[in-house]
Amino acid sequence: MTSPPLSATLAWLLEPDPLHPGVRYLALKDLLGQNDRSEEVRRAREETMRTGPVPAILEAQYPEGYWIKPGGGYSPKYRSTLWQIIFLADFGADGRHPRVRRACEYILTHNIAANGAFSAYQKPAPSGAVLCLNGNLAHALIRLGYRQDARVQKVIEWLAGAIT
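Position 127, counted from 1, in the sequence shown is what this note's numbering calls 127; the numbers after and before it change by one each time, with no gaps.
Since the hints were derived computationally from the structure, they do not count as laboratory data. Computed from a predicted model, the values in this text were never measured in an experiment. Where a beta carbon is used, it is the ideal one built from N, C-alpha and C, also for glycine. Some hints here could point you the wrong way.
Distance ranges between label pairs, derived from CB positions [as the list claims (entries may be wrong)]:
no., residue 1, residue 2, range
1, Asp17, Gly145, 20 to 26 Å
2, Leu13, Ala56, 19 to 25 Å
3, Arg147, Leu14, 33 to 39 Å
Start from the sequences and build out the full structure, keeping to the hints where you can.
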């Protein structure tokens, strides 16, 4: 079996899809290299915030910025606040949206352990700092606009030290 030509695959990824509008947005940005100032990228991101999984995730958020239960924590897996941040970034959510910012600030307040890493535990303990969780959250926060945030930089420094 042969793969479809790249142009056909790219055309498919660029098709409007109301169930997964983030695919188009991410294809424009990551595959075609268009920037956020492009009208087409801006419209695609707006659609991502209006339809599909992003608004559904944000609708389940509590006003304080968490999902499921308050405080830090990793569980329940795939449903807790930490996971929702990862999913929002993966689906192409706009990090400038007030609810997305509130969620990011929530985990940066409730999940940073004394060593500067994200903790998987309700009470952030350094022993709860797991490499994959820290990598996923750092990546998500960078995609959501927190690249220069000192707390995220500290997580990145912790990751670099932990894996070398």
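Now the hints, each set against the structure:
In this structure the supplied range 20 to 26 Å holds for Asp17 paired with Gly145, their Cβ-Cβ distance being about 24 Å. With their beta carbons about 21 Å apart, Leu13 and Ala56 fall inside the hinted range of 19 to 25 Å. Between Arg147 and Leu14 the beta carbons are some 26 Å apart, a value that contradicts the proposed interval 33 to 39 Å.
The structure is inconsistent with hint 3 alone, although it conforms to all the rest.
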